[in-house]
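The listed protein sequences derive, respectively, from chains A and B. Offset between the first sequence (1-based) and our numbering: plus 59. Offset between the second sequence (1-based) and our numbering: plus 27.
Don't read these hints as lab results, they were simulated from the structure. Since no wrong hints were added, every one of them can be taken at face value.
Pairs of lysine to aspartate or glutamate residues, derived as EDC-like cross-links and limited to a Cα-Cα distance of at most 20 Å, are as follows:
no.: 1; chain 1: B; residue 1: Lys162; chain 2: B; residue 2: Glu144
no.: 2; chain 1: B; residue 1: Lys52; chain 2: A; residue 2: Asp136
no.: 3; chain 1: B; residue 1: Lys52; chain 2: A; residue 2: Glu219
no.: 4; chain 1: B; residue 1: Lys82; chain 2: B; residue 2: Asp188
no.: 5; chain 1: A; residue 1: Lys216; chain 2: B; residue 2: Glu51
no.: 6; chain 1: A; residue 1: Lys216; chain 2: A; residue 2: Asp136
no.: 7; chain 1: B; residue 1: Lys82; chain 2: B; residue 2: Glu191
no.: 8; chain 1: B; residue 1: Lys59; chain 2: B; residue 2: Asp69
no.: 9; chain 1: B; residue 1: Lys52; chain 2: A; residue 2: Asp130
no.: 10; chain 1: A; residue 1: Lys99; chain 2: A; residue 2: Asp252
no.: 11; chain 1: B; residue 1: Lys162; chain 2: B; residue 2: Asp132
no.: 12; chain 1: B; residue 1: Lys59; chain 2: A; residue 2: Asp136
no.: 13; chain 1: B; residue 1: Lys82; chain 2: B; residue 2: Asp132
Please read all numbers here as calculations on a predicted model, not as lab measurements.
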Amino acid sequence: MGPLVSQGIIDPAWNNVLALLIGFAFGYILEATGFSSSRKLAGVFYGYDFVVLRTFMTAVMVAMVGLMFFDYFGWIDLSMIYILPTFVSSAVIGGVIMGLGFVVGGFCPGTSLCGAVIGKIDAMVFTAGIFIGIFIFSEAFPFFENIYYANDLGAVKINEFFGISAGMFTLIFVVMAIAAFYVTYLIRKKVKDVVY
Amino acid sequence: MNKRYYLLAGIMIILGMVLALLPEKNYYKQIKPVELLAEINDPARYVTTDQVAQKIIDQDPSIVLVDVRSEKENQEFSLPGALNIPMAELLNTEYTDMLDPATQDIIFFSNSDIYAEQAWIVAARYGFTNIYIMKGGLNCWVETIMKPVPPPSTASNCEIDLYEFRRGACTYFGGGNTIVQADDSKAKPLVVKRRNKKSVAAGGC
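Assemble the whole structure, with the sequences as input and the hints as a guide.
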């Protein structure tokens with residue numbers, strides 16, 4: 060709860076409680092949206108279900124537009140927000156591994172936990188795999204370290220990278236997202252319905 | 028497709044267009060507190076009255092002396108060639124335009140250190156570089172330059188040289204046993220060269 064805790068508006072003792080409550084809400088929404096089904100998640104790769112893409116693109120789009128307006132009205136100071144540094148090599152390698160895991164296993168880390176707690180065996184196996192992966196990565200970190208920190212771009216913003224204003228990038232993103240929604244709608248119409 | 032989707036998509040695109048048309052927000056770049064503290068602890072931001080005297084005698088064009096006291100105090104006594112920018116006016120662009128931190132060393136002074144220190148911190152937060160404080164202020168100036176005290180006969184050559192310099196400076200500045208009051212009839216008004224205003228960002232505050 061970033062600024063509220065560090066500014067002393069909420070006592071730090073509430074940190075874990077709030078994290079738990081937000082976790083409950085997040086898990087509930089994932090489950091309610093059907094994200095605990097590996098068939099639904101993998102559907103985005105086979106073209107019969109694009110809920111994942113739509114949900115995440117909508118979330119990013121709404122958050123983006125909302126934050127930009129909040130910043131404009133002075134309710135939030137975007138220059139004070141911490142931006143994670145970009146490591147290009149590890150982002151690309153991590154993206155490939157994550158994508159492969161997604162299409163093979165049918166889960167992403169969050170949804171696998173969601174599936175595991177409602178008793179899905181494939182999700183439990185996937186979760187176990189995550190922990191094995193974390194263990195191997197942690198133990199072998201000195202071996203990966205050079206790749207991990209390679210091509211550090213620092214805290215770069217995508218609009219600064221392309222040299223356009225943040226508002227212009229938001230517009231481009233919104234248009235691209237809505238185009239993606241329409242294209243996936245057309246694909247969805249052509250592909251045979253899968254019952255699961 | 029549900030009509031609601033078209034409506035929502037339209038709203039998002041309109042909001043996005045509004046954002047694209049809004050003026051880019053200029054974040055005020057101020058010095059980070061950590062850097063400011065580091066600079067405050069740096070003794071290099073002080074210059075001594077002797078250094079200031081030397082620079083005035085040399086007519087060094089790279090320095091600009093800034094008196095941060097009130098206009099009345101400035102008229103009673105000040106250093107030759109000093110600009111008067113009262114503390115309250117320090118961030119007034121009418122005054123800051125007189126200063127060019129890029130090419131000049133700005134030396135703040137007041138009666139003692141306190142106002143000069145405040146002015147220094149304000150200017151540092153404002154993003155000025157090459158700013159200094161005349162250590163001890165005008166009180167120290169009077170003690171060292173206007174009324175130099177002869178060192179004891181056992182003093183080192185260094186101290187004697189310093190005293191000789193101060194005596195010379197004292198003569199230059201017309202000091203001695205009496206403090207020369209600024210004579211309004213003779214004093215030429217200081218002609219201030221204003222640098223060209225940098226292009227101001229459109230819009231904003």
